[in-house]
Amino acid sequence: MTNRPRTPALLGRALALALALLVLPAPGAGATDTGPAVVVNGTLSAPTVPAGQDWGGRADDWGGATLLVSAARAGHPQGFQAVALAAPASAPITTRVRGVRAGATVTVEWDDNPDSCVGSGGGRPYTVSVAGGGNSAGSYTTNAANSKANWGLGRSYSFTAAEDAPTVTFTFGTPAVSPGCRPMVTDVRAAQTPPPAPATPPKADPCAGGGGDAPACGTAAGNQQAIDHCPATSRDCLAGVAGKGEQENAGIGQQTQALDEFTHTPRDQDPNAALGGLCAVSGAHTGNLEPGDTVLAPGTWWYC
Numbered sequence: 001m002t003n004r005p006r007t008p009a010l011l012g013r014a015l016a017l018a019l020a021l022l023v024l025p026a027p028g029a030g031a032t033d034t035g036p037a038v039v040v041n042g043t044l045s046a047p048t049v050p051a052g053q054d055w056g057g058r059a060d061d062w063g064g065a066t067l068l069v070s071a072a073r074a075g076h077p078q079g080f081q082a083v084a085l086a087a088p089a090s091a092p093i094t095t096r097v098r099g100v101r102a103g104a105t106v107t108v109e110w111d112d113n114p115d116s117c118v119g120s121g122g123g124r125p126y127t128v129s130v131a132g133g134g135n136s137a138g139s140y141t142t143n144a145a146n147s148k149a150n151w152g153l154g155r156s157y158s159f160t161a162a163e164d165a166p167t168v169t170f171t172f173g174t175p176a177v178s179p180g181c182r183p184m185v186t187d188v189r190a191a192q193t194p195p196p197a198p199a200t201p202p203k204a205d206p207c208a209g210g211g212g213d214a215p216a217c218g219t220a221a222g223n224q225q226a227i228d229h230c231p232a233t234s235r236d237c238l239a240g241v242a243g244k245g246e247q248e249n250a251g252i253g254q255q256t257q258a259l260d261e262f263t264h265t266p267r268d269q270d271p272n273a274a275l276g277g278l279c280a281v282s283g284a285h286t287g288n289l290e291p292g293d294t295v296l297a298p299g300t301w302w303y304c
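Counting along the sequence shown from 1, when you hit position 271 you're at 271 in my numbering, and nothing is skipped either side.
Calculated from the structure, these hints are not laboratory results.
Fair warning: there could be bad hints in the mix.
Each pair of labels, with its calculated beta carbon distance range [unchecked claim]:
| # | residue 1 | residue 2 | range |
| --- | --- | --- | --- |
| 1 | Gln254 | Ser282 | 38 to 48 Å |
| 2 | Ala65 | Arg98 | 14 to 24 Å |
| 3 | Thr141 | Ala65 | 19 to 29 Å |
| 4 | Thr174 | Ala131 | 19 to 29 Å |
In this text, a Cβ means the ideal position worked out from N, Cα and C, and glycines have one as well.
Working from the sequences, and respecting the hints, build out all of it.
Spelled out as structure tokens, the structure:
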């Protein structure tokens with residue numbers, strides 16, 4: 001059998017397919033928010049559902065009709081508790097994204113699970129929304145219910161915050177059903193790109209308007225050109241244009257006088273007289289020593 005050469009058409013199709021594979025986006029690509037943001041109790045760990053129970057009370061730091069799901073019932077790969085989405089849709093559950101200012105772009109991520117009820121078949125649809133005219137709600141469906149945990153990991157929803165610490169709402173649109181037939185979520189986390197820092201307004205000119213009559217403003221503004229034309233060696237020229245700095249010189253003079261007065265303050269006792277008193281004490285302790293009692297004579301020990 002002989003090898004037939006590849007035709008240009010075949011080579012062109014192969015090249016086109018390779019380029020298409022290169023430009024296909026990865027699943028979940030497009031989220032660029034990486035700065036820190038906080039979802040309090042995002043893993044639904046508080047409070048702990050009592051041992052032996054499938055469901056507990058309301059989740060701490062969450063709003064709406066929350067219903068905690070025990071770690072054993074949730075069956076999450078990382079062992080987290082979860083929260084069942086409320087039914088009907090008139091009672092959604094909410095959480096806030098802390099540390100976010102209005103204008104930031106935010107990406108919220110979470111994991112979802114259909115729970116073990118298979119009566120409705122397929123996955124469980126729900127929506128995620130946030131306030132703000134430009135933010136449309138996101139529609140999601142859990143993995144298919146199959147009588148055991150079937151977690152979908154890394155769902156995401158991006159938006160622009162219309163307020164500080166925006167509220168994210170999870171809504172289950174199905175009419176009232178038993179807790180075991182509701183979708184659940186856990187490991188809710190967020191990241192953000194903060195809005196640009198507000199521009200710092202320029203400092204007001206103290207010499208503008210009525211402030212221009214102040215002597216300092218006259219020197220800084222009106223006389224600047226004259227100051228620039230003064231020779232650096234001409235003290236008389238500078239003094240005539242910018243003034244002699246009487247206030248500054250007066251302040252320096254006062255400091256010099258205060259330092260001089262401190263330096264020449266009379267002391268209570270002459271240092272030599274003080275040493276004389278100390279020597280008397282020393283003599284009382286060493287006066288009875290004979291020359292052979294010490295290696296060095298007491299008089300050579302120090303000043304006395």
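Quick check: which numbered hints come out false for this structure?
-> none
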